[in-house]
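Guided by the hints, dock chains R, L and Z with the ligands onto chain F, whose structure is given.
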Amino acid sequence: MTKTLRQSGTLAGFVAIIVFFAWNLPETFLTPRNLINITQQLSMLAVVAATMTIVMVMNDFDLSVGSMASLSGIVAAMLFAADYPIWVGLLAAVGVGLLGGLFNGVLVSLIGILPFVATLGTLTVFSGAAFLISDGRTIFGRDIPSAFSGFARGGVPLDAIGLEGISLPFLTLTAACVIAICWFTLEHTTFGRRLYAIGGNAEAAHLAGLKVKRLRLIAFGLTGLGAAIAGLMFAARVASANPTQGSGLMLDAIAAVFLGMTMSRRGEPRVLYTLVGVLMLGILDNGLTQMQVDSYVREILVGLIVISAVAVASLSKARR
Amino acid sequence: MTKTLRQSGTLAGFVAIIVFFAWNLPETFLTPRNLINITQQLSMLAVVAATMTIVMVMNDFDLSVGSMASLSGIVAAMLFAADYPIWVGLLAAVGVGLLGGLFNGVLVSLIGILPFVATLGTLTVFSGAAFLISDGRTIFGRDIPSAFSGFARGGVPLDAIGLEGISLPFLTLTAACVIAICWFTLEHTTFGRRLYAIGGNAEAAHLAGLKVKRLRLIAFGLTGLGAAIAGLMFAARVASANPTQGSGLMLDAIAAVFLGMTMSRRGEPRVLYTLVGVLMLGILDNGLTQMQVDSYVREILVGLIVISAVAVASLSKARR
Amino acid sequence: QNVAVITPYLAQPGTQAYVEGFEASAAERGWDVNVVDTAGDVAAAIARIEDAVVQGVDAIVINVDPAQVTAGLLAAADAGIPVVGMDAGSDPLVAVNVTSNGYAMAAETSVYLANRIDGEGAVVMFVFDAFPPVQLRGVVADAVFGNFPDIEVLDRVTPDVSDGGIADSRARMEAILAANPEPGSIAGVWAAWDQPALGALQAIEDAGRADEGIVITGIDANPQARDAIAMGGNFEASIAQDFTGIGAAAAQVVEGLLAGEDQRESVIFVPTQFVTVANATE
Amino acid sequence: MSLISLEHLSKSYAGVPALSDVSLALRGGRVHALMGENGAGKSTLIKLLAGVVRADRMQVTRDGVPVPLTHAQHAHAAGFRFIHQELNIVPQISVAENILLGQRLPRRFGLAVDWRAVRAAASEALATLGADHIDVRTLAGDLPAGEKMLTKIAAALVSDGAAPSLYVLDEPTAALTGAESEMLFDVIARLKARGAAVLYVSHRLDEVLRICDDVTVLRDGRHVSTGPVAQTSKAQIIHDMTGREGTDTYPARATAIGDKVVARVRNVGTKRLAGLNFDLREGEILGVTGLSEAGQSQFLQLFLGQERVVTGKATFHGAPLQCSPARAWDAGVAYIPRERRAEALMLDRSIRDNIVLPHLRDYGALANKRAETRDARDMSSKTRLKCDGPDQPVGQLSGGNQQKVVFARALHGTPKLLLLDEPTRGVDVGAKYDIYSLVRALSAKGCPVILTSSDLPEVLGMCDRILVLQGGRQAHLLQAEGLHSSDLLSFFYTPEVA
Ligand SMILES: Nc1ncnc2c1ncn2[C@@H]1O[C@H](COP(=O)(O)OP(=O)(O)OP(=O)(O)O)[C@@H](O)[C@H]1O
Ligand SMILES: Nc1ncnc2c1ncn2[C@@H]1O[C@H](COP(=O)(O)OP(=O)(O)OP(=O)(O)O)[C@@H](O)[C@H]1O
Ligand SMILES: [Mg+2]
Ligand SMILES: [Mg+2]
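Protein chains in written order, with the working numbering: chain F, 305 to 624; chain R, 305 to 624; chain L, 20 to 301; chain Z, 2 to 499.
Just chain F, with the same shape it has in the complex (with noise of 0.2 Å):
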């Protein structure tokens, strides 16, 4: 019973919040276009919130997301300013997203640091490689092959579905296709099933004879493609680089990841759940942002939104 109202509370406070704005706002709120809208403007954060969940299944953090979000897309920048073509810039960055992520995972997992201390050195290091490389400046204009930055306008038409003149994005197929694979990562395979056996209880995995120390290696470095594919996202939707564009990811997509741990049965994270977060984070900046409420009070609004999810589903929890 309140295990349901547990794990209901949130996605009850979620779809309150969704007829609240569709009451408010019943011209433009429940349209296909904005709803469309709001899936584009959220691929980024839902990119790297479900690449992180991979790693908070095991209890483990990453900070350093958002300044390897920044990084990767400042490779992918300096690389089309000096002329290599697109794919050479892909690659590299989603390289650096990986090499970055398993330099991670070494600290975390074979060095043994705390995620949280190891993480935070390296969003420093990052972002200070992303600062040294672009020379701080914002890369932009010409430098931004149209093909690249296109890719960020363009979508799927839906004409053939009766939605005239709106097209699904690019940008959210993509993060489709990343939540896709992580769900189906996490919830079957037994890679991912180790994953969450390494954060229930990570001595029991040893002594099973998981490889833990190489298991925690390689969700850390999926978690650090998953934000250099975030990165690049970042990139082609703003049509530039610079070196503290993805700074705003890391906080978000743990405020995600965490909305939708309120959402599951053992309090775990799970990917759909995440997703879940970051709609209700995303959908708030949009209507509260319709309905044209002050930045600072939708600010207030947000954090008090968050905390009081969390509130009942913990309160519940509690009395359970």
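Calculated from the structure, these hints are not laboratory results.
Some hints here could point you the wrong way.
[What the hints assert, rightly or not] Covered by chain F, per the in silico footprint, the following chain Z stretches (three or more residues, Cβ under 8 Å): (1) 73 to 79; (2) 90 to 100; (3) 107 to 114.
[Said to hold, decoys possible] Simulated pairs of lysine-lysine, DSBU-like, Cα-Cα distance not exceeding 30 Å: (4) Z:K314 to R:K515; (5) Z:K417 to R:K515; (6) R:K517 to Z:K314; (7) Z:K387 to Z:K261; (8) R:K517 to Z:K370; (9) R:K515 to Z:K272; (10) Z:K387 to Z:K433; (11) Z:K370 to Z:K417; (12) Z:K370 to R:K515; (13) R:K517 to Z:K272.
Virtual Cβ for every residue (Gly too), placed ideally from N, Cα, C.
Relative to chain F, chains R, L and Z with the ligands alone:
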């Protein structure tokens, strides 16, 4: 043996850094004026880190200290601007810090939200509140009484001990007092011992008759108080208040506590080691700037040095 | 009429001033203005532009590099909503950009500084290349100082701006002063905006080196800087953008666009004012 | 029949030897008991064998072929299966996943996990244990303690191809009820019949004599004796373990129970308990038993203020029961929780810190390390704790010695009521006797004791009266005098007599 190495690894690094700068900057680094300067620059961070130690002893966190520092600075400045006497502003700011800290405490201890989520939420709320009441503006100039900003410029002259023209800044003294109080509280009172016990095993502490909820509540209150004091020091030092000025403190404070943890015997946070962590960060900044190291390279170096210190500590711990 | 003002930079005093100028002019015209700050997040600025388009506002005013928010601008163009830039940069998708001439401002302060130190000595520069409008100031100043053979740029510092820019600049300057203890070893400090200039001033005064004649210049002439300049100390000059004027001019442009007028110029420069001790209190 | 021989097993921690050159041969089809006092090195030997702790020196061969053992996976591949001393369940995942932990889950299309096959394999393993009443979809954390252990045992029984050749069980019955233990013994008999070797660690001597074929005794990390069980005796084993004469009986009551009623409980019901009705007198030792999870722990927690009185009236020294552990300890209640690692100990803190934890207030507002150290040392010697000194972290102690630290904590000061939940779990025979003597001494001073244990002889040997719970309800209140294990067991099932 290795235990000693582990404990002294970070300390040895600290000494090595000092020796390195003393060698490379023979005229200017180890001068009384420069050293006193460093202590003054670090005074705010030291206060936040020392009081952050109080919650981290219980394995908790407070991500909201930075925005709490900004908020308390803004509250004081707004009251100064409205021509209230200085003591009213100070009291209100400190009161806000204590209340905010207790609010965190309620969320974490009574409601049972994970500290990371709870304080991530209040970070947003406090920062929104700071923006809202200041209308996003920087408050400065005639609005800040000179008696208030004068405090940050004043100090106790050290002519008596042969340091002509140098004075020990009041900010340094304030930080020293806060650190001394935190140190005494954590190491030499039963209250502090209890906090350490909660960090050791909260469930066991509860069943052994410790008032875990109340203790956590108080500890968070103290951390909020410390953040508010740091916010006031900051506002006095820059003779102005703006709604983001404390935000850099949070990650640095946490980094300092973690650096300190690598020095302690069982990896638990201790105030004096936290202080070494703070000094290490500050000295790196000061020395590298004096050596005209590019700011981006400096950032990377600081990150790498922190990671290496922690890595050495973890490795020697593992080999134990 | 319903106008959305969207910026990631509202925390900057300058942005605030022209947003207020715009709001004042808009109020006179009876417009409904929604100011949206995305706290440094450019992608969120795109999102908020899209939200404003969905919401069906009559015009959008931006203070962000248009090249970075092209996605949002395209959405606005599709919906036929005019976009006006306030100190935003030129772009085909922005009808008009109302701004001050950043190149001229940087040139004026750096030339002032070079002349005050008689074209010789060591200069500390405070720059911030991540933000395009500030970055170009640094480029201009580099060129000016490079043209004086006896001026040596001692350090080119990028302060941490997350604390507002004063405190970290001050710590950097304290370290530089410590590294250069000889009187006269630093001739001037050129800052690309006022906060680092104020931090450097505090550092110099506190180090007891206020009487060495180190010349400081800033840009923006925010009230705190004006106070400092008016004191007649080391902080000698800054340059004031007419923020209120920019806001008002932007409002006027919006009004014209809404009335269906054609805009001939795509950039409108609002005059700046050089501020020294002589006119700081005006 | 295979022969697994372990030779020259040596391991020292920070220079202190935990195991010195121990050799042992395990034969297929035989159950080999490994005995020794707490800290003798049994679990260390097992961890070396499991590949989770690196040996200083070790040579393991099966039928003459060397087996490398530097990782848990090697042990698994060699067909060695383990049930470690501390319960290592993953609470957040299902029983089925726990049972298959460490193996590649069955897949469909070579990609997605085939959940149906996972459940089938897990159910099958549970069925061989006779525990098919456990739903494999339940989250493991929601199971009662005994069923968690059964899950763990089932995990050891699941085989993926290679037929396991060695089963190692480290105190498996410590968390099981009598009936569950019997089930386990059946399984062991079947494994034995299949030709597997079994290495069995337990501090319950009767059990060892009953199911084991051979016995090896360790003392201080050294090999003392090995031989067939049939040719030894309880007294001999105890002598080998402790180096002195000893017994596994219980110290007799020396003083009479007082007349004063200390606690009065009338028709008390709580969320999980009902119909409690009894008086507790000065110096009385009350046993609480029943089937697994019949409410024993809740019963103790009633006096700790963790379980709230909902109906009825309960008083302690005339006042209502305290409503929080903090107040209860203040009122003189001392408590030993069931799960020492989760609920009692700060593993990375010193023995001293752990012992003085509930008594901090007695040392004043300012910390007084000297007095604390003195008291900790005093209590360590009273409980015969094997340690390097009061500054050693508790996590480095053997399981039984950790339990003694918890005991030292509860006995420190002068408790007015002692609550013991499975107090001697994992404690060796000699130390058990010492602990029982301490409990007796306390009761002689008038302190009443409430004890619950799945070890029925312990309950019968120590208690004056025994309260039997059935599904949280008080069913019987018996005089212990003259009662036998089998009699007591039958009361677990007989309905309450009105
Ligand atoms: N005794 C233990 N108790 C609890 N956790 C442990 C224990 N030993 C190791 N771990 C955890 O597991 C990690 C090591 O895992 P493990 O040794 O299985 O790695 P691995 O990938 O198998 O490495 P390798 O194959 O190189 O031996 C440690 O970082 C720690 O978190
Ligand atoms: N991680 C460790 N660090 C230091 N010493 C240890 C560590 N683990 C075990 N020891 C020591 O090794 C010795 C043997 O411990 P072990 O756990 O093997 O005992 P045991 O025979 O299993 O005892 P019990 O019956 O209490 O379980 C003990 O003295 C213990 O203190
Ligand atoms: Mg053992
Ligand atoms: Mg290994």
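Right, here's what the structure says about each hint:
1. 73 to 79: holds (count 4)
2. 90 to 100: holds (count 6)
3. 107 to 114: It holds: at least three residues are needed, and the segment 107 to 114 of chain Z offers 4 whose Cβ sits within less than 8 Å of chain F.
4. Z:K314 to R:K515: holds (25 Å)
5. Z:K417 to R:K515: Holds: K417 (chain Z) and K515 (chain R) sit about 20 Å apart, inside 30 Å.
6. R:K517 to Z:K314: The hint holds at about 28 Å.
7. Z:K387 to Z:K261: This hinted pair is violated, its Cα atoms lying about 38 Å apart.
8. R:K517 to Z:K370: Holds: K517 (chain R) and K370 (chain Z) sit about 25 Å apart, inside 30 Å.
9. R:K515 to Z:K272: holds (23 Å)
10. Z:K387 to Z:K433: holds (14 Å)
11. Z:K370 to Z:K417: Distance of about 25 Å is within 30 Å: holds.
12. Z:K370 to R:K515: holds (21 Å)
13. R:K517 to Z:K272: holds (23 Å)
In summary, the structure is inconsistent with hint 7 from the numbered list given earlier, while agreeing with all the others.
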